[in-house]
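J.: Protein chains in written order, with this note's numbering: chain A, 1075 to 1286; chain B, 170 to 368.
It is worth saying that the hints were derived from the structure and are not from the lab. Glycine is no exception: its CB is placed at the ideal position from the N, C-alpha and C atoms. Just so you know, not all the hints are guaranteed correct.
One side of the interface only, derived from the structure: several residues of chain A facing chain B at Cβ under 10 Å [what the hints assert, rightly or not]:
#1 1083
#2 1121
#3 1126
#4 1211
Label pairs and their calculated CB-CB ranges [unchecked claim]:
#5 1097/A x 269/B: 15 to 23 Å
#6 247/B x 1108/A: 27 to 35 Å
#7 1122/A x 193/B: 22 to 30 Å
#8 201/B x 1130/A: 23 to 31 Å
#9 294/B x 1186/A: 30 to 38 Å
#10 201/B x 1124/A: 28 to 36 Å
#11 1186/A x 201/B: 14 to 22 Å
#12 208/B x 1079/A: 49 to 57 Å
#13 1152/A x 294/B: 44 to 52 Å
#14 1193/A x 201/B: 27 to 35 Å
#15 1193/A x 290/B: 38 to 46 Å
#16 241/B x 1125/A: 24 to 32 Å
#17 1130/A x 193/B: 43 to 51 Å
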Amino acid sequence: MNCWRIENLIAPFLDNELPDAEAGAMADHLEQCPECSDKVEVVAALPEIVAPDLSEVSSALMDSFDECLKDRIALSESLFAGTSSSEHAAESMAWGVPSPPPAPAARPASATWLAVAAMGLLLALAGWSLFTQQRIDELEQSLAERDQLIRQLEKQVVAGRFDPRALPQTAGSEVVPVFLPASAPTPQTLPAGAFAPISYGMASIDSPRIVR
Amino acid sequence: MAQPSLKLVPQPTPQSITEDEIKAIAARDRNRAFDLLVRKYRDRIYYHALYITKDSAEAFDVAQDVFVRGYHESRMFDEGFKMKAWLFRVCTNRCYNIVRDKHRRGGILDRLGKQTDVLTVQHRAIDSVLAKELSKEMAAALSNLSADHRSILILRYYDDLSYQEIADTLQIKLGTVMSRLSRAKARLAEQLRPEEATE
């Protein structure tokens, strides 16, 4: 018997749960191995682990256990009334719980009202969905137009033909280049090195690029 | 003069009926069998939940849940079905789930209404006694162990289950019960005597 095995048998050895042969082999090992013997002694020195005695204080509570359990079972029966078997229903009765009432027959009037309400809800949802889709389409078209304009402006900038004063007038912006003074330089008056390659240390950009 | 040997004969109690006897009764009357099952194990299941949760109201709730599940367990009275191990296993799992999800308890107790109010006083009394009876050092040391180690120590020394019953409850081999229990006790000793364990 090796030390690893001993370590795994300390509890049953101290609880007298080992077969005689194994307990004898373990005792022999402990006589020869002070390390294992120390480990067993540490565990043996543990204070006794005993359950607190609560029988007196809990007896009143336990008296109400069955009553509460019946309520709980009745609740579980009612929650699963649709799936409970007739056998379970009979048992519920014996436990003082009335069996779940049989499912009421479907009433045509309420079923019709339910169907009408459901249809109304579906129509309202469909209408709302259509309206929303139209609005999305409009916004997408508007965005596409803006994209096209931006691409044109980019081309003008790259080609050096960009003139902010020539920007198209759009709704709500009567004076477009408000951020540019009247004396702002035109592309023609910009110095030659305005679009020179820029060095960022590790990487360099050879020429201005527009990423789409 | 030699002392005459005295043999204590236990009084018949609901706890003394065997599982096989309950199963035999279930063949004729399932309700009677379930009633006996509840009376046999309700205290032990409640205490087991109490040792883990340290809260009487939660333990009571767990014990109730365990027996509701037992009521709906179709295999409960089948031949070879280990009722005690099943109850302790469900109880252990329930306890750790409930400790993780405390909101759930509120929902169920709310549905029980006035009974909860009546029981509250009793729960408080039990919590108070439990706090006094449990050694603070031992309780602190146990709470520092892993859930596996804490469970197996509670099953063995608080619930007084045999090694085989622990194996059935935790669905592990007998050898694993021995080694896990040995390691759990070694860890517990480290917790209670940290200055020596770290030398």
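J.: Does each hint hold? Answer for all of them.
T.: Evaluation of the provided hints:
1. 1083: Hint holds; residue 1083/A Cβ to chain B Cβ min 6 Å, cut 10 Å.
2. 1121: OK, holds: residue 1121/A within 10 Å of chain B, min 7 Å.
3. 1126: The hint holds - residue 1126/A has a Cβ within 10 Å of chain B, the shortest such distance being about 3 Å.
4. 1211: With a closest approach of 45 Å, the residue 1211/A hint is violated.
5. 1097/A x 269/B: 15 to 23 Å: violated (40 Å)
6. 247/B x 1108/A: 27 to 35 Å: violated (52 Å)
7. 1122/A x 193/B: 22 to 30 Å: violated (38 Å)
8. 201/B x 1130/A: 23 to 31 Å: holds (29 Å)
9. 294/B x 1186/A: 30 to 38 Å: violated (58 Å)
10. 201/B x 1124/A: 28 to 36 Å: holds (35 Å)
11. 1186/A x 201/B: 14 to 22 Å: violated (49 Å)
12. 208/B x 1079/A: 49 to 57 Å: violated (43 Å)
13. 1152/A x 294/B: 44 to 52 Å: Violated, since residue 1152/A and residue 294/B (Cβ atoms, about 32 Å apart) do not stay within the stated range.
14. 1193/A x 201/B: 27 to 35 Å: violated (54 Å)
15. 1193/A x 290/B: 38 to 46 Å: violated (55 Å)
16. 241/B x 1125/A: 24 to 32 Å: At 29 Å between Cβs, range holds.
17. 1130/A x 193/B: 43 to 51 Å: Distance hint for residue 1130/A, residue 193/B is violated at roughly 33 Å.
Violated hints, in rising order: 4, 5, 6, 7, 9, 11, 12, 13, 14, 15 and 17; the structure is consistent with all others.
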